[in-house]
Each structure stands twice: as structure tokens, then as C-alpha cells.
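Novice: For reference, the chains in residue letters:
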Amino acid sequence: MTPEWLITVSPIAGTAVNVFLQITLVHSTRRIGLSILAGFLGGLVAALIVATLNLPPGSSPIEAIAVWVFAILSYFGFAYLYWVFINLNITSLRIRTLRDLLHHEGGVSLSQILAQYSLEEMLHRRLERLEHGKQISCTDGKYRLVSSKLMILHHTLGVLRAVILPPSLRNS
Amino acid sequence: MTVLAIAAAFFVTSFLLQYAIWRIRLPQRQIRALLILYLVTPVVIVIVARALGYSVGLSSSEMVRVWVLYLPVSLAYFALYAAIELSSPTLLIISYLSATKGAGCGAAELLEHFNKKVELRYRFELMEQSGLIKMTGDLVEILPSGRVYGNIFESMSRVFGLQKGG
Chain X
1 MTPEWLITVS PIAGTAVNVF LQITLVHSTR RIGLSILAGF LGGLVAALIV ATLNLPPGSS
61 PIEAIAVWVF AILSYFGFAY LYWVFINLNI TSLRIRTLRD LLHHEGGVSL SQILAQYSLE
121 EMLHRRLERL EHGKQISCTD GKYRLVSSKL MILHHTLGVL RAVILPPSLR NS
Chain B
1 MTVLAIAAAF FVTSFLLQYA IWRIRLPQRQ IRALLILYLV TPVVIVIVAR ALGYSVGLSS
61 SEMVRVWVLY LPVSLAYFAL YAAIELSSPT LLIISYLSAT KGAGCGAAEL LEHFNKKVEL
121 RYRFELMEQS GLIKMTGDLV EILPSGRVYG NIFESMSRVF GLQKGG
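In order, the protein sequences belong to chains X and B.
Going by our numbering, 111 is the number at position 111 of the first sequence; the sequence numbering is gapless.
Going by our numbering, 85 is the number at position 85 of the second sequence; the sequence numbering is gapless.
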């Protein structure tokens, strides 16, 4: 493979390293958060190394920056998709429903599904995850926000919602 | 730089078309419509550019590079769109706790707020619109495309050692 093509596939190589590291670490440490972070960073380093080592000799700084921007943006796209893929399995109601339905040939009643997975359980799971992730704390039976990171995400999504969605959809 | 500019042009054009189409007539299956729009738009741009005699002089590896950049960024946007389309229950909790301004609230109060804001039935309706399930009265059945996704995530949970989420 020529250096030009190696630059082209550098984000894909980085993603392969990300996936490999993440799967290896999650099975050896049982820590999903650590495995995702380590996989992401390892893959990013791999993508940048492959892209940098294959820069044409005598490349100008602009050309080098363009290659790095390409490698970083593409890798971030792949890495985000991979993270969504894992995260959906952990948090998505719809994915959980589909997985439950796999085991019910001929279908199941909606009231049965809702009985198996109540809003109370859904809330409890989320509160547990948020406490474990140090986003909220529970003191004297009261939950409080500890970290503002998710609030920033909430506001950002609100802005994007206002820009992208037509008015009729914004309040759903 | 040309690779970055072309990929950006593809994405911006697709986004502007989406913005216009969504306001003229909202597609029934939005994610599917996004997929088609974001795949077809760059192809049309390339065909029209060639027909008009424009050429940017990219090598074959650079042409592939445009797609290696454009495709994951677009797919990442679709994933983000799902979060924009429907507020996540987790962020609803965060938003409510933030509004208490440090006073906090108990589990019962949170559950009452959650009950008002989280409509499980709406999520089932979205899945039906996407062709993943079929609802006949109270009966919910999984459709072939839903089975594909369900099996993918079942397999994934074994690879990653994840428990059933939700």
C-alpha cells in the first residue's frame, strides 16, 4: 500500500485499534468506562501515527495540518459511532425492547412489556448510572446535580433541536 | 485542503437540503430519509460537476479520502439526530435537578416528573414508523428489520459482556 493510501486508511486503522483495545480491556478489567476511554485514545494515537509517518517528504505545514485534520475528524466520526453503538446497548429503551421481542415469537402485549419494565425501574437505573458516574449525588434522600457536563450537553441539544427540527416537532 | 473542502461542501449541501425538505414536508421515516439524502446528494453533486466539465484533480486515494471523511461524519450526525429528535430520559432528569438550583429533590418527586415527561408509547410509535415493530391494538410484534438490529445488539452484549440495558 502506498503512503497516500495509508493516509487514507489511517482513521480506519485507528478505529480498528480502538475496537481491539476496548474489547480486550473490558474483558480483562470489567470496567466499561475505562475501556472506552483507553480504546478511544489508543485509536486516536494510532491514526495520527499512521497519517504522520506517511506524509510525503517535504510536505508544507498546511499540507500536514490538512492530513491531521482529515485523520482526526474522520477518526472522531468512526469513534463516535462506535461509542453510540456500545452506549445504545447500555441505555436505549428501544434496543432493550427489540432484544426482549426477539424472545417472543408471535408478539407480546404492550401492557406486558410496560409491566416488565416500568418507568420506576427506568428512573432507578438512570439514577444509579448518574450516581456511579458522579453526575449526581444523593444525600438525606435528595438527589442533587454534581457535575454540569450533562447540563451543557442538554443545552447544546436544545440549540440543535431549535435549529434543525421544524417547530411542530420541537416539543415532542 | 481540497479533500476537506469537498467533504465540507457535501455535508453543508446535504444539511441545507434537509433543512428545506423538513420544513416543506416532514418525512415519515426521518432517519431513513436522512440516509438517502446524505448518500444521494454528494453523488448528484459529482455527476453534475462532471457534466459541467468541472474537475478538482484529486487522485483516487484522495477521492476515497473524501468519502472516508464524509461518511462517518454524516453517520455521526444521524446518531446525534436521534438524540435531538427525542429527549433522552437521562437528560430530562439532569434538566429537572438543575432547575432545583441545589435544593435537590426526592425520588418520589422525580418519579412524578418522569411520569409526566417520558412517554413510552411514543417510543413504540417511533419504532413502528421506522419499520422495526408492528403494533396491532395492544399486541407488539418484531419485524424482520427489527430482528436484524435486535440480533446485532444481542451479539454485541456477549462480546462486550454487557447486561441488558434500558
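Derived from the structure by calculation, the hints contain no laboratory data.
It should be emphasised that the depicted structure is a prediction, and the values quoted were computed from it without experimental measurement.
Each hint should be verified, as a subset may be incorrect.
[Said to hold, decoys possible] Far from chain X, some chain B residues (derived; all Cβ distances over 12 Å): (1) Ile36; (2) Leu39; (3) Ile47; (4) Ala49.
[Claimed, not checked] Calculated cross-link-like contacts (lysine-lysine; reagent style DSBU-like; alpha-carbon spacing at most 30 Å): (5) B:Lys134 - X:Lys142; (6) X:Lys149 - X:Lys134; (7) X:Lys134 - B:Lys101; (8) X:Lys149 - B:Lys101.
Backbone N, C-alpha and C define an ideal beta-carbon position, used for all residues, glycine too.
Novice: Next step is simple, just say for each hint if it's right about the structure.
Specialist: Verification of the hints:
{"no.": "1", "hint": "Ile36", "result": "holds, 17 Å"}
{"no.": "2", "hint": "Leu39", "result": "holds, 15 Å"}
{"no.": "3", "hint": "Ile47", "result": "holds, 23 Å"}
{"no.": "4", "hint": "Ala49", "result": "holds, 21 Å"}
{"no.": "5", "hint": "B:Lys134 - X:Lys142", "result": "violated, 40 Å"}
{"no.": "6", "hint": "X:Lys149 - X:Lys134", "result": "holds, 11 Å"}
{"no.": "7", "hint": "X:Lys134 - B:Lys101", "result": "holds, 17 Å"}
{"no.": "8", "hint": "X:Lys149 - B:Lys101", "result": "holds, 15 Å"}
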